[in-house]
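The hints should help you fit chains B, C and D with the ligands onto chain A, whose structure is shown.
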Amino acid sequence: MPTMNMVQALNSAMDVMLQRDPRVVVLGEDVGYFGGVFRVTDGLQKKHGAHRVLDTPIAEGGIVGTSVGMCANGLRPVAEIQFADYIYPAYDQIVSEVARLRYRSAAAFTAPLTIRTPCGGGIRGGQTHSQSPEGVFAHVSGIKTVMPSNPHDAKGMLIAAIEDDDPVIFFEPKRIYNGPFDGEPDKPAESWVGHPSAEVPEGYYTVPLGQAAITRAGSALSVITYGTMVHVCLAAVQALGLDAEVVDVRSMMPLDIDTIAASVSKTGRCLIVHEATRFGGFGAELSASIQERCFWHLEAPIMRVAGWDTPYPHAFEWEYFPGKRRVMNALRKLMAEAV
Amino acid sequence: MPTMNMVQALNSAMDVMLQRDPRVVVLGEDVGYFGGVFRVTDGLQKKHGAHRVLDTPIAEGGIVGTSVGMCANGLRPVAEIQFADYIYPAYDQIVSEVARLRYRSAAAFTAPLTIRTPCGGGIRGGQTHSQSPEGVFAHVSGIKTVMPSNPHDAKGMLIAAIEDDDPVIFFEPKRIYNGPFDGEPDKPAESWVGHPSAEVPEGYYTVPLGQAAITRAGSALSVITYGTMVHVCLAAVQALGLDAEVVDVRSMMPLDIDTIAASVSKTGRCLIVHEATRFGGFGAELSASIQERCFWHLEAPIMRVAGWDTPYPHAFEWEYFPGKRRVMNALRKLMAEAV
Amino acid sequence: MSVSKLHVPAVPARPGERPDFSYVRLSAAGEVARPAPDVAVADTAPLAESLVRVLDDSGQAVGPWNPKLAPEQLLTGLRLMLLTRLFDERMQRTQRQGRITFYVRSLGEEAVSVAAAMALAERDMLFPSYRNQGLHVARGMSLVDLMCQLLSNSHDMCRGRQLPVMYHSVPHRLFSISGNLATQFPQAVGWAMAAAIKGESDIAAAWIGEGSTAAADFHHALTFAKVYRAPVILNIVNNQWAISTFQGYAGGEQRSFAARGPGIGLAGLRVDGNDFLAVHAATAWAAERARSGHGATVLELVTYRAGAHSTSDDPSRYRSREEVEQWPLGDPIARLAQHLEREGVWDEERHAALVAELEQHVAAAWREAISHGTLTEGPKLDPALMFEDVFKELPAHLREQRDELLAEISASE
Amino acid sequence: MSVSKLHVPAVPARPGERPDFSYVRLSAAGEVARPAPDVAVADTAPLAESLVRVLDDSGQAVGPWNPKLAPEQLLTGLRLMLLTRLFDERMQRTQRQGRITFYVRSLGEEAVSVAAAMALAERDMLFPSYRNQGLHVARGMSLVDLMCQLLSNSHDMCRGRQLPVMYHSVPHRLFSISGNLATQFPQAVGWAMAAAIKGESDIAAAWIGEGSTAAADFHHALTFAKVYRAPVILNIVNNQWAISTFQGYAGGEQRSFAARGPGIGLAGLRVDGNDFLAVHAATAWAAERARSGHGATVLELVTYRAGAHSTSDDPSRYRSREEVEQWPLGDPIARLAQHLEREGVWDEERHAALVAELEQHVAAAWREAISHGTLTEGPKLDPALMFEDVFKELPAHLREQRDELLAEISASE
Ligand SMILES: Cc1ncc(C[n+]2csc(CCOP(=O)(O)OP(=O)(O)O)c2C)c(N)n1
Ligand SMILES: Cc1ncc(C[n+]2csc(CCOP(=O)(O)OP(=O)(O)O)c2C)c(N)n1
Ligand SMILES: [Mg+2]
Ligand SMILES: [Mg+2]
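Chains as they are written, first to last, in this note's numbering: chain A, 60 to 398; chain B, 60 to 398; chain C, 6 to 418; chain D, 6 to 418.
Chain A extracted, bound-state conformation (with noise of 0.2 Å):
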């Protein structure tokens, strides 16, 4: 089976869509004639023609009102948002027409679009290239918001975002674009070569969105995480050595509580982490699901690792970022607790 990155997984996904469905398309700016400023469409125009691979103008809003109108012709776009951090001029789009036009309708019309947009930090992009603003859209009802951790899902996932007849938020990592990133940036860059998520195969395959992923067995504490922190998270469990059960939550709406309850109840630990700011963000939900759901079976308090609640800024990109040691200490600082 081949190897590829995330970024090839992503191109090979909307490329197997525009292939076997003639209502696909794919918009944005710069994705076009140039491929994408992290290179994720390339190939694609040239490939698919410019009626259905388009650069657009540099407005957001204006890129996901026009996907909707698409939608209610029959086409289902593929919209990137460049950065997750230029998201907001669409939030009004996407909160009052993507999110609730099939329900407004009755199912008259409805909005099956896909909006690709890279997130996260770690790439010294300063805090109009990092953030993580997923919480700001799994509140919202009516659309589905994910984000993969790995090759293999990015594709799978992304093909099955764009068949979903719902609208789906799809967040891209792009620390873990070209490799796996265990949160130590002075360590030589990883690649995606010989990592077991990296065998893609070439073609046509979904991974279901909604469900959670296992990414490690364990029975001493249960870690619930998504994106780059997956990667983090299990640094850190080995680096401790630790029996611990690392959960890639993958869906954040829907959310697959079952997995993840059952995780903790038979652990009875339980740390959250992603790199969103901390304060009312989507690990505030996983807290206050998982507790309502484990509160008999918990043997410490449920803990957060995330973002500091501060822009993010530039110079002190490696003491925001919550790497490795930050999630070490809460593991045994969770550890320790007593019952």
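Quick caveat, the hints were computed from the structure, so don't treat them as lab data.
Keep in mind it's a predicted model, so treat the numbers as computed, not measured.
Take these hints with a grain of salt, some might be off.
[What the hints assert, rightly or not] 30 Å max Cα-Cα, derived BS3-like pairs, lysine-lysine:
#: 1; chain 1: D; residue 1: 10; chain 2: A; residue 2: 106
#: 2; chain 1: D; residue 1: 385; chain 2: A; residue 2: 246
#: 3; chain 1: A; residue 1: 392; chain 2: A; residue 2: 246
#: 4; chain 1: B; residue 1: 392; chain 2: A; residue 2: 325
[As the list claims (entries may be wrong)] Taking CB as the label site, the calculated pair distances span:
#: 5; chain 1: B; residue 1: 276; chain 2: C; residue 2: 409; range: 40 to 46 Å
#: 6; chain 1: D; residue 1: 362; chain 2: B; residue 2: 166; range: 32 to 38 Å
#: 7; chain 1: D; residue 1: 352; chain 2: C; residue 2: 8; range: 23 to 29 Å
#: 8; chain 1: B; residue 1: 253; chain 2: C; residue 2: 8; range: 41 to 47 Å
#: 9; chain 1: D; residue 1: 204; chain 2: C; residue 2: 297; range: 51 to 57 Å
#: 10; chain 1: A; residue 1: 273; chain 2: D; residue 2: 399; range: 36 to 42 Å
#: 11; chain 1: C; residue 1: 28; chain 2: D; residue 2: 204; range: 22 to 28 Å
#: 12; chain 1: A; residue 1: 273; chain 2: C; residue 2: 297; range: 56 to 62 Å
#: 13; chain 1: B; residue 1: 243; chain 2: C; residue 2: 368; range: 33 to 39 Å
#: 14; chain 1: D; residue 1: 204; chain 2: A; residue 2: 182; range: 43 to 49 Å
#: 15; chain 1: C; residue 1: 405; chain 2: B; residue 2: 298; range: 23 to 29 Å
#: 16; chain 1: C; residue 1: 418; chain 2: A; residue 2: 182; range: 57 to 63 Å
Glycine included, each C-beta is placed from N, C-alpha and C at the ideal position.
Showing chains B, C and D with the ligands alone in chain A's frame:
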């Protein structure tokens, strides 16, 4: 002391500040000559002039964007967004500019702006006149987010917000503009007259932001809530004759977690109630934060009562609204949990 | 503080003042030239500042924009406008009686919707605002269906989820109306882009109020329409008011809204929106332009909101009651009726008979509609429907919430 | 599927193709009339489609827009443009060496910023994009300060919180640059509205790229500027490219960006952005218009992005390398130098000496800047600063987080 409803109290706050501080300007759609669709700015333009109380174009992003510039030129704008449901077109200016300006410029430039907006349901406004989007603001680092539940707090907190050197999103629960509401739509509408919190000084005073209020002291359990739901919760508690402590959060950010955690640590049981949709809502942060601080005191899982995770449906308003009955059911369930 | 230099837009008349409509630049009927629909954008600049009119003060149809419609078509137009108005009147009364929660009339603006719908092809897709019920009426939607939506009753096409007037219809090619202003504008452009992508010849048309042109989505629509030469008609209904703010607050002082078209490289036409013939002709022109691959037109329809903004509004607080009488472009129904009388195919008697017939039609529809229930009286919609259509499939968390609600309801029964 | 009818904007030349700049409509130097700054908006429509130019091909200053600046002013302009370019060059190299993380040059566009800054009053407030460093240089900010920002070092004005080039200065009246496109446009209008409200005579000026005109905030800015007649200059820097997308993707085909002004009722001027004298004259004209209460001007500055979009970009992937040589409006520094030579106040020798002097100046500044540390080498900023300035006062939750971080750091030392 005069009796004011919330509309009058908010009007008075702006009147006082327009009088006291030449830097204060009020702007928004229909706020000028007409005095606002809810009459909150009634008479202010006539009294303070059309250059200090401005009708604006229908562009929420423009209202906030120009307000940021006014701040840079020494003014203190109080911008109205006609309904919280229409704040999303301004989301980029709020998240990327208002919330970040002080940080990114190391306090060289700041945005001492107040954004007032009526929120919440119970007025048969359907899905675009009923939303409670506080959660997608509380998560954003760099803005304060508050919501008063009575005329006295409304005026004092609005003056505090206008004087605050940080930006404040000021949510006004419109269902209780004219009277408290216990969640029973079939009862005759109540007025604020006679309510202790409707005694409002005519002149200047402040109610500090960032402080929760113990609206009702008690020891059997803690109800953590805000806005309209404060009144619904009080009614539910009373109907059940429970010795509950009802805490009015008032300020989501900064959150007075000390007062809240002290209450829950004391009572050992906690119900969180808000109108906003449940999944990923502000209640999740409350639950997570309380659990982290009070875990060893909890005698039952923290529970949440909130809006269902659907858009706000016009016809099913009272099946949707988290009314007295739903809160009572939750209270009963919470008290029934064994240790 | 020194004296303010801030310019504050002028308003024709506040309550108690005498209205002054001299700011409305008029052209004489027949005066404006009609270029071929493939005219260069730059050459539409003068059209965007003049006023396309066909009906003169005596009711005669004159000039190059006269669409020369057959009398039956004109009679149909009159009938549909009248039906729209009578429907509005009845629904307004119904709201006053508390049977529906909210209503928005299109009083005085009926030509804007009805003439446009008649000038477009059946397959063309329409993206209305909340004040274009003439489109729904002209496309032949059943009044009963519209009323059931207003009532949120058991036959409500929206299953109780929308405020009154937020209709839609897939078969009639009417997009779902949004409560958020201007969002439909880029959506219409996207629909039109999709038509072009697919190589189809259907076009889209969208409507917004002049106040809503200030919204971001207006700009998105024009930009995308320009860049991809999308086959779409972008209608700006300038009814002078946006709730309490006057059109000057959207940038209408000394400059037409139609000029936004040429400003960005789209054709622009300013049209007498109360002249059925002019609206029809301009729409047909723009449709031909779009369909033949020459791109979008920004059509400003100059009209007047003769009633309140909605049933929640009281315009006597912010504008002179005399305005409506002084409005220089008259009433679209009266003007078309005058024309038809002049042509000898209409008279007061027939008009009265038509009114009576349509009133009965509306009344009958109302009786049928309420037989399907009202918001407060049965038959009612099943509350479980509240949880459907958030997603295509009901996810687990919504199933749980639905069951909790149903238990709550059955416990209280 | 049938053949697509979607229009896709043309691009002058992709890699390997021969560039064709015939789409750039030129006027001869001196050809365009100069009306008084209080001219009616409608009368600026022709100005918005022609090209205000002062310097002809031989370097002579001609026509009614010649600002007739004293030689010392011109020499200052040349010096500031050259300084901007040499600063850019050095910082670009520095980035390549890994000393700074990111950089954006303004190569070929120096006149746009420097001439404008010189034409405005000191108290006027400037809202730059990330490609207007000529403003900072012309307003006299110290290069060391700019470099310390680029280095995020211990003297960084942004305390390490911003990507390189996101400068600000209160004393120099330069607003904080945002990484989010176009946000500064309505902010400038708000600043100008505040000046008007306070009765002051300062004006604001803002800059954005032509690609960014598609953004919502562009429209908000024009609308609010129009409605309140705000004293502001709205500069569109049309450097033909927005990363890899050509100006046609922002609506530039067959229509100027300056025309957006008249389209909404603001004055519009299209200006040769590589002609220092034209930019100066047009800015002075727009400033006089704004200051005397006649409202905003949309100024399109036609120029060419001669370098990559940023240090993260490789333009050879999407445009022809030959473009820059074929660009019809030349280079702003070369053109001003040619004029000065023609006027007898400049020659190659003096030019070489100036380059040498400024290079030394830049080098000295760099030595000083790095003495305050770099991103990776000390002296470094205190990480506790990360938690400051989120709010005016440090709230409890940030105090806790700060303490957690400091404990983490000290444990690892
Ligand atoms: C984004 C948004 N902002 C504000 C509102 C509230 N609102 C509803 S209608 C209206 C006025 C619209 O005026 P106009 O566009 O001229 O249309 P008209 O009502 O005159 O037909 C306003 C401000 C809204 N619905 N959506
Ligand atoms: C809201 C937003 N969307 C996208 C981007 C990414 N981006 C940065 S610069 C740029 C191109 C801007 O082009 P233009 O406005 O022409 O300015 P220029 O770079 O040519 O000076 C883009 C798309 C951004 N910074 N902000
Ligand atoms: Mg209107
Ligand atoms: Mg550009």
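A quick look at each hint next to the structure:
1. D:10 with A:106: Satisfied, since the Cα-Cα distance of roughly 18 Å is no more than 30 Å.
2. D:385 with A:246: Within the cut-off at roughly 21 Å; holds.
3. A:392 with A:246: This hinted pair holds, its Cα atoms lying about 26 Å apart.
4. B:392 with A:325: holds (25 Å)
5. B:276 with C:409: 40 to 46 Å: Between residue 276 (chain B) and residue 409 (chain C), where Cβ atoms are some 30 Å apart, the hint is violated.
6. D:362 with B:166: 32 to 38 Å: holds (36 Å)
7. D:352 with C:8: 23 to 29 Å: violated (53 Å)
8. B:253 with C:8: 41 to 47 Å: holds (46 Å)
9. D:204 with C:297: 51 to 57 Å: Holds - the Cβ-Cβ distance for residue 204 (chain D) and residue 297 (chain C), about 54 Å, lies within 51 to 57 Å.
10. A:273 with D:399: 36 to 42 Å: holds (40 Å)
11. C:28 with D:204: 22 to 28 Å: holds (27 Å)
12. A:273 with C:297: 56 to 62 Å: holds (59 Å)
13. B:243 with C:368: 33 to 39 Å: holds (36 Å)
14. D:204 with A:182: 43 to 49 Å: holds (48 Å)
15. C:405 with B:298: 23 to 29 Å: Roughly 25 Å apart at Cβ, these two residues keep to the hinted range, so it holds.
16. C:418 with A:182: 57 to 63 Å: Since the Cβ atoms of residue 418 (chain C) and residue 182 (chain A) sit about 58 Å apart, the hinted range of 57 to 63 Å holds.
When each numbered hint is compared with the structure, violations occur for hints 5 and 7.
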